[in-house]
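Chain by chain, the residues run as shown.
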Amino acid sequence: MFKFVKISNNSLLPKYQEGDYVLIVKIPLFLNSVRRGDVVVFRHPLYGMMIKKVSRVAGDGKEIYVVGTHENSVDSRQFGAVRKDALIGKVIWHIGKPFR
Amino acid sequence: MIYKLIKVLDKRFGIEKAKAHCDIPCGIYDPITGQIAALTVVRMIDLMNDLENKHPAGGLEAQNSMSRYVASKEEHAEKAKHEIRVIWGDYIKPQHMEKHPELQDLVHKIMQLGSKSRQTADRETAIQFVEAINQFAEIFWETKGIAVKRAKAPYAPALEMIYPDL
Numbered sequence: 657m658f659k660f661v662k663i664s665n666n667s668l669l670p671k672y673q674e675g676d677y678v679l680i681v682k683i684p685l686f687l688n689s690v691r692r693g694d695v696v697v698f699r700h701p702l703y704g705m706m707i708k709k710v711s712r713v714a715g716d717g718k719e720i721y722v723v724g725t726h727e728n729s730v731d732s733r734q735f736g737a738v739r740k741d742a743l744i745g746k747v748i749w750h751i752g753k754p755f756r
Numbered sequence: 017m018i019y020k021l022i023k024v025l026d027k028r029f030g031i032e033k034a035k036a037h038c039d040i041p042c043g044i045y046d047p048i049t050g051q052i053a054a055l056t057v058v059r060m061i062d063l064m065n066d067l068e069n070k071h072p073a074g075g076l077e078a079q080n081s082m083s084r085y086v087a088s089k090e091e092h093a094e095k096a097k098h099e100i101r102v103i104w105g106d107y108i109k110p111q112h113m114e115k116h117p118e119l120q121d122l123v124h125k126i127m128q129l130g131s132k133s134r135q136t137a138d139r140e141t142a143i144q145f146v147e148a149i150n151q152f153a154e155i156f157w158e159t160k161g162i163a164v165k166r167a168k169a170p171y172a173p174a175l176e177m178i179y180p181d182l
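From first to last, the protein sequence lines are chains A and B. Under the working numbering, residues 657 to 756 are what the first sequence spells out, in order. Under the working numbering, residues 17 to 182 are what the second sequence spells out, in order.
Simulated from the structure, these hints should not be mistaken for laboratory data. Ideal placement from N, C-alpha and C gives every residue a C-beta, glycine not left out. Accuracy of the hints is not assured; some may be wrong.
Straight-line distance between alpha carbons at most 25 Å, and here's what the computed BS3-like set of lysine-lysine pairs gives [said to hold, decoys possible]:
1) B:Lys33 x A:Lys659
2) B:Lys115 x B:Lys20
3) A:Lys718 x A:Lys740
4) B:Lys20 x A:Lys659
5) B:Lys115 x B:Lys165
6) A:Lys753 x B:Lys160
7) B:Lys115 x B:Lys168
8) B:Lys160 x B:Lys23
9) A:Lys671 x A:Lys682
10) A:Lys671 x B:Lys35
11) B:Lys23 x A:Lys740
12) B:Lys109 x B:Lys95
13) B:Lys33 x A:Lys682
14) B:Lys109 x A:Lys671
15) A:Lys682 x B:Lys23
16) B:Lys165 x A:Lys753
17) A:Lys753 x A:Lys662
18) A:Lys671 x B:Lys160
19) B:Lys35 x A:Lys659
20) A:Lys671 x B:Lys23
21) A:Lys753 x B:Lys20
Which residues of chain B face chain A? A partial, calculated answer using Cβ under 8 Å [claimed, not checked]:
22) Ile18
23) Ile31
24) Glu32
In silico negatives: residues of chain A with every beta carbon more than 10 Å from chain B [claimed, not checked]:
25) Lys662
26) Asn666
27) Val681
28) Pro684
29) Arg712
30) Asp716
31) Asn728
32) Val730
33) Lys740
34) Pro754
Make a model of the complete structure from these sequences and hints.
Dropping the structure here:
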């Protein structure tokens, strides 16, 4: 139902940094209701498990488009839409490093 | 407190990673490109001075060469600034800032000296530009735990540069 995930790499800077942790909820009800601005964890066939921000939900609701907040982010602008059934969870808690 | 607790759990049980992927191989940073670009600025000023001494009356060929030197000086001053901005923006983290609080002022100084090096043909300013980037390089390598050495560049204008002592 819930899972902790560690962030690697920096495409969600400045809010999410490498080494931060997030708690994700895996309940389908939550995943079906993702909307623009949510941060989600999903499985990509090439890149593996990724974390990005939802920029748009497709009209039929079966796909989402994701982006990073860093200029060099690899996201839907390169690999296109993500199927909703590839979603693993939605971030509900961000645990950043304490030095901030 | 919570972060530390989760980190302990991570070490004990291993928490899965999710990639916030970037399209550049993050981790490949080196201030040497900025250092060389700044050194090139000094070299261009030296060539400009040589040209003026050899051809005080100017002439078409001299003007052509002078234009090229100035253009190269412009380009490399901006390139040096760009290289430092990339390391500053993409590599430097809060923990580095905590350890080296002078970084903020140093980067600002580099930007200012880079601009002044474009605006003028003042060799002293360009040398200060090189030295400020050397200081940045010293801090950069310190953050990676790599010792540095000072050595003269093996080409004109043979100013002292900071190199990683590998």
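Right, here's what the structure says about each hint:
no.: 1; hint: B:Lys33 x A:Lys659; verdict: 11 Å, holds
no.: 2; hint: B:Lys115 x B:Lys20; verdict: 21 Å, holds
no.: 3; hint: A:Lys718 x A:Lys740; verdict: 6 Å, holds
no.: 4; hint: B:Lys20 x A:Lys659; verdict: 17 Å, holds
no.: 5; hint: B:Lys115 x B:Lys165; verdict: 21 Å, holds
no.: 6; hint: A:Lys753 x B:Lys160; verdict: 20 Å, holds
no.: 7; hint: B:Lys115 x B:Lys168; verdict: 28 Å, violated
no.: 8; hint: B:Lys160 x B:Lys23; verdict: 22 Å, holds
no.: 9; hint: A:Lys671 x A:Lys682; verdict: 22 Å, holds
no.: 10; hint: A:Lys671 x B:Lys35; verdict: 15 Å, holds
no.: 11; hint: B:Lys23 x A:Lys740; verdict: 30 Å, violated
no.: 12; hint: B:Lys109 x B:Lys95; verdict: 22 Å, holds
no.: 13; hint: B:Lys33 x A:Lys682; verdict: 16 Å, holds
no.: 14; hint: B:Lys109 x A:Lys671; verdict: 13 Å, holds
no.: 15; hint: A:Lys682 x B:Lys23; verdict: 21 Å, holds
no.: 16; hint: B:Lys165 x A:Lys753; verdict: 33 Å, violated
no.: 17; hint: A:Lys753 x A:Lys662; verdict: 11 Å, holds
no.: 18; hint: A:Lys671 x B:Lys160; verdict: 24 Å, holds
no.: 19; hint: B:Lys35 x A:Lys659; verdict: 15 Å, holds
no.: 20; hint: A:Lys671 x B:Lys23; verdict: 19 Å, holds
no.: 21; hint: A:Lys753 x B:Lys20; verdict: 9 Å, holds
no.: 22; hint: Ile18; verdict: 6 Å, holds
no.: 23; hint: Ile31; verdict: 5 Å, holds
no.: 24; hint: Glu32; verdict: 6 Å, holds
no.: 25; hint: Lys662; verdict: 5 Å, violated
no.: 26; hint: Asn666; verdict: 6 Å, violated
no.: 27; hint: Val681; verdict: 14 Å, holds
no.: 28; hint: Pro684; verdict: 19 Å, holds
no.: 29; hint: Arg712; verdict: 19 Å, holds
no.: 30; hint: Asp716; verdict: 26 Å, holds
no.: 31; hint: Asn728; verdict: 4 Å, violated
no.: 32; hint: Val730; verdict: 5 Å, violated
no.: 33; hint: Lys740; verdict: 17 Å, holds
no.: 34; hint: Pro754; verdict: 5 Å, violated
Going down the numbered hints, you'll see the structure goes against 7, 11, 16, 25, 26, 31, 32 and 34, while the others check out.
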